[in-house]
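S.K.: Fit chain B to the given chain A structure using the hints.
Protein sequences appear in the order of chains A and B.
The working numbering puts the first sequence at residues 428 to 811.
The working numbering puts the second sequence at residues 428 to 811.
Since the hints were derived computationally from the structure, they do not count as laboratory data.
It is possible that part of the hints are untrue.
Claimed, not checked - A few chain A residues facing chain B, derived, Cβ under 7 Å:
{"hint": "1", "residue": "Cys504"}
{"hint": "2", "residue": "Thr505"}
{"hint": "3", "residue": "Gly506"}
{"hint": "4", "residue": "Tyr510"}
{"hint": "5", "residue": "Ile539"}
{"hint": "6", "residue": "Thr560"}
{"hint": "7", "residue": "Gly725"}
{"hint": "8", "residue": "Leu734"}
{"hint": "9", "residue": "Pro746"}
{"hint": "10", "residue": "Gln748"}
{"hint": "11", "residue": "Gly763"}
{"hint": "12", "residue": "Val803"}
{"hint": "13", "residue": "Ala807"}
{"hint": "14", "residue": "Glu808"}
Think of the CB as a built atom: it goes at the ideal place given N, C-alpha and C, for glycine as much as any other residue.
There are 2 protein chains.
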Amino acid sequence: MSITAAQGFLAAGVAAGIKSNGRPDLALVVNQGPRFDAAGVFTSNRVFAAPVAWSRQAIADGQLQAVVLNSGGANACTGRPGYLDSVATADRVASVVGCEPGAVGVCSTGLIGVRLPMEALLSGVDLAQRALTADGGDDAARAIMTTDTVPKQASAQGAGGYTIGGMAKGAGMLAPGLATMLVVLTTDAVVDSPVLQASLEQATSLTFDRIDSDGCMSTNDTVLLLASGASGISPEPGEFTANLARVCWSLARQLIADAEGATHDIAIEVVGAASEDDALEVARSIGRSNLFKCAIFGNDPNWGRVLSATGVTRAAFDPDQLDVSINGVQVCRGGGLGDDRALVDLTPRECHVLVDLHAGQAAATIWTNDLTYDYVKENAEYSS
Amino acid sequence: MSITAAQGFLAAGVAAGIKSNGRPDLALVVNQGPRFDAAGVFTSNRVFAAPVAWSRQAIADGQLQAVVLNSGGANACTGRPGYLDSVATADRVASVVGCEPGAVGVCSTGLIGVRLPMEALLSGVDLAQRALTADGGDDAARAIMTTDTVPKQASAQGAGGYTIGGMAKGAGMLAPGLATMLVVLTTDAVVDSPVLQASLEQATSLTFDRIDSDGCMSTNDTVLLLASGASGISPEPGEFTANLARVCWSLARQLIADAEGATHDIAIEVVGAASEDDALEVARSIGRSNLFKCAIFGNDPNWGRVLSATGVTRAAFDPDQLDVSINGVQVCRGGGLGDDRALVDLTPRECHVLVDLHAGQAAATIWTNDLTYDYVKENAEYSS
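The following block holds chain A by itself, in its conformation from the complex (with noise of 0.2 Å):
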């Protein structure tokens, strides 16, 4: 179930006192071969994180042998200290590993302008490479947590015997494009460079960027794909890459599951839309609505609020022509009143919304959260 399930990869999780709190905070994959092949997609925020910057271009050849991810700190509007920062980390990585700092990512994560506190870090690397086992994958999981309350983990077999494992960290600013978080994924299966970068920029368009907890993007986002090649199987690009969009989307659907605060994990389906595009555009447009938020988190199936976002989009519909069904419940029949609301159950943690645009034959989900006074706390308290 975890990045370790793979054959190849080493890993480790330890507390170097990033955090205050002493809990762990830095986790190290090291991938020993035979291959190298890595694959890389990141934030489209363009203020964007020194690690990001740095892993950019480590992973510009295809090649990565290790990764190393804090907590406690996402260095991210540090300026050239900071960058430097990160450069120094994936040369402490590289000499205790043995490779070249270019074959490094570095991935942080944490608060936003704060510098690193680098002598715990340094000697971190070190602890972990010391604590390396074929097992570390839980370890590195759980140092890579901020204000997660779970590790996430996941694994796939693949046709033949080759297995794909992740592991995930990420609970606020989660919002699509790609979805926030840190991501690191390993398989044992034999592919080329271009061919993993295809197969992840489609798996996590199809994952990461269909949820949206909050409508945050951050600076840090990072999804890095390392293959080792040691199960001696090449998998066929189309197979390989379902795989790997299950691995992600059970990744995916756990961030959802321990988003800041949230009470409901609410699935918006968008049917019957002319293009996927304009699916896309209802279910992430209903998603960020805080007012529908705020009444999901009130059990109270407010399919208006549902209508008046749709309302705010581009996309093809007549607007006597929606429908809206909550939970299985059709409380909203071209575009006015349906079935009695009091029928609607919100009790479930799970919650579907279902937006029948009747323009067409295209569709998507987004997934998100609802809106509590607990996010409200924990994002108003996370910094002070």
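M.R.: Quick look at chain B alone, frame taken from chain A:
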């Protein structure tokens, strides 16, 4: 200070029994002439309410003699029957006031997706007609309140002695395009309806369009401006527009001050932009960041959330050139750490965030609110 401050207007506010709590819920405004020029701007939401559909038609000829407004129900997403309810309302007003139905604007506010109690509403029209007085503006302003805690009114005197008065309601679903609310403005100036319309569009684009409390655009937004000509004064259009914008800004500022659950009124001023559109896009993006809004609630000058919201825009800027000041303290300089954030005092209700993009000479300001427990509470409980 009210809509009856201008000569030629009568108004009333009564309890018609539309609201279940017995509070005033129906307002009537009548223009006694001698002129009946009128202008209107409406929600750009494609899912718009029946009274919006009606009022758009009614004002197409640039003439209105009366406006009837009800709280206690939005008459939105009510289909053809709901539209006929708006027609019946205009018809009853026309018969008691003595004009054509097409000279009556209709506005509704309250829950979406519920039919209005028409018997109560039509009796209320009769009641309101009998209560019309030349100082009924206050009563009218109270009758249109929903979750508003105070009535909102404003007035201004123009050159030569003409008057502009106004009232507004709105506390949630406050977002631009235009900001969500009902507003009635009156003037005794002599202004032809095409000039009136141009003045109104310009005034609203600089005022109501620049407040965004919660990013949610309503189905019922309406601003109507009635000109009686009773002062006999024909103002210079630029001077008239400036005074109209003053009244609109006063009302807009009152809307922000009474936004649901808010504890801070936040001015987000973006300067050094390559264009006004860029400045507006950045200011709106910051104003819609739930994480930023939670931070301000927590009295936390979290400039990292300002930068991450800036980074998702298409505006021209270099991330390493961004400056951010919060309440006068430059907490971010050149995209990195600035002065000590502990120097920022966020205890006053009014908060000023200044972002310098260093990309040009244009500037714009958007006003928003913080995101609080009480916002969530009000909107989780509003309709259940």
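S.K.: Evaluate each hint against the coordinates.
M.R.: Structure-based check of each hint:
no., hint, result
1, Cys504, "holds (5 Å)"
2, Thr505, "holds (6 Å)"
3, Gly506, "holds (4 Å)"
4, Tyr510, "violated (10 Å)"
5, Ile539, "holds (3 Å)"
6, Thr560, "violated (35 Å)"
7, Gly725, "holds (3 Å)"
8, Leu734, "holds (5 Å)"
9, Pro746, "holds (5 Å)"
10, Gln748, "violated (11 Å)"
11, Gly763, "holds (4 Å)"
12, Val803, "holds (5 Å)"
13, Ala807, "holds (3 Å)"
14, Glu808, "holds (6 Å)"
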